[in-house]
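Engineer: Listed below are the residues making up each chain.
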Amino acid sequence: MIFLLIFSEAFPQIQNYPVFALSGLIFWTFFSTTSAHIMGSLIENSAVLRSLAVPPLVFPVSQLMAGLFNLFMSFIPFAIILHFFGRLPHISDLLVLPIVLCFAGFIMGVSLALAALNVYFRDIGLLWNALLPAFFYITPIAYPSDLIPERMRWITEVNPLYHYINAFRTVLYDGLVPTAETWYVIIAMAFLSIVIGGYLFKVLRPGFIANY
Amino acid sequence: MSGTMIELRNVHVDYLVQRHGMRSIKSYLTSFGSKRLLERKHILHDIDLRINGGECFGIVGRNGSGKSTLLRLLAGIVEPTKGHVRINGHVAPMLALGVGLEPEMSGWENVRLCRMLMGHQRFDGEGVRSYIRSFSGLSEDDLEMQVKRYSTGMMARLGFAIATATDPDVLLIDEVLAVGDVAFQQQCYRRIEELKARGCTIVFVSHMLGEIQRICDRAACMENGTVVKVGNTHEVGVHYHGLLGIPL
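Top to bottom, those sequences are chains F and L.
First residue of the first sequence? That's 0 in numbering that gives the first Met the number 0, and the numbers climb one at a time after it.
First residue of the second sequence? That's 0 in numbering that gives the first Met the number 0, and the numbers climb one at a time after it.
Note that these hints are calculated values from the structure, not bench results.
A couple of the hints might just be wrong.
[As the list claims (entries may be wrong)] A few chain F residues that don't get close to chain L, going by computed Cβ distances all over 12 Å:
{"id": "1", "residue": "Leu24"}
{"id": "2", "residue": "Gly85"}
{"id": "3", "residue": "Asp122"}
{"id": "4", "residue": "Ala133"}
{"id": "5", "residue": "Tyr136"}
{"id": "6", "residue": "Asp173"}
{"id": "7", "residue": "Glu180"}
{"id": "8", "residue": "Ile186"}
[As the list claims (entries may be wrong)] Footprint (simulated), chain F over chain L, 3 or more residues, beta carbon under 8 Å:
{"id": "9", "stretch": "45 to 58"}
{"id": "10", "stretch": "202 to 208"}
No residue lacks a Cβ here, since even glycine has one placed at the ideal position from N, Cα and C.
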């Protein structure tokens, strides 16, 4: 809320700043809370994992489901705000769903790696929580991406979060269909993230029991 | 039930653990990658064991000899690094009582949750419910209450009731009966006897030789990650006491 009030003054060039900011913020919140929850899910349930034959993957998956549920719930007030700013729902808004799917895959991959490493090294959690605010400010969520100077543009380009946030914003704020290039990038990143995260999880899994 | 129920052939279990002093990423990064991060540690080795159907099998051994890891292996929580584990039936592990009980949920909700975690169906029949009511000795009011308000004994009762509600083929017990009062312990032993009479195979880990001799037919003694002696409870008891240096 404070965000919206202050920054809408700071960026007078952006029309409907609250809609602009929220179309990034709700997905950022989805990313930061879900990744943190998945990361902690194994050690929080270590008592169960130590004494019952439950596949460890159950806990990260359930956290992802919970995160998705919360995200969809936050769509309701968001839709009301959109309506308040005179933006009527459109059939192309449904494009958010496949983007959410890719984003969820991306988050799952990253978080599986974090969760698995967190079992061995407990400071991974602290490190991640310290890095999250940095990611928040480095990603154009509260400010428009063209505010970034040309020579620093590459930082945005290599930041996976930017591409997802950008896709969401294209659909929800601009009311447009993301370009084919955007689709390739977000699908490829989700795929890569799951493959790498899943592989790390699989390799580290046999040692979980000794390190919970 | 007869024949071999559990068979372990040349089983080895290694754990992947951090190297000494490498508990945090920080210490790894400050060593600039000069040290290796993880190493293998041998927990169990060369285990050959055969447990017959309907048998009550005891396992004794010192702290850290690998008893709990062996039970986890039988429960399917740990996979063997080498060798084969074969179990012909449904295993009900009871490695800790009251594990998986969610403090914010009611007794009944926990019964459902825990039994789902154990691989049972989502909804239990009236048989299971009435068994849990009668075994745990908890009233319907207690079972509707949030588990965080339970006493330790109530949780143990509920935990034992959940674990033994359906007749398993194999029941694994890891010194969980040390909690609870004498009446509860006797109730547990009665249930164990009952399951045994119905042909359930029981693997029982305990420090207390007396308990093993009371309920088990055969036993094994573990030392340094392997089985050093298998035989009747008396032989194993003598061997175990020999290891401890205490005359029987």
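Engineer: Tell me the numbers of any earlier hints that the structure contravenes, in ascending order.
Structural biologist: Going through the list in order, the structure violates hints 3, 9 and 10 and respects the others.
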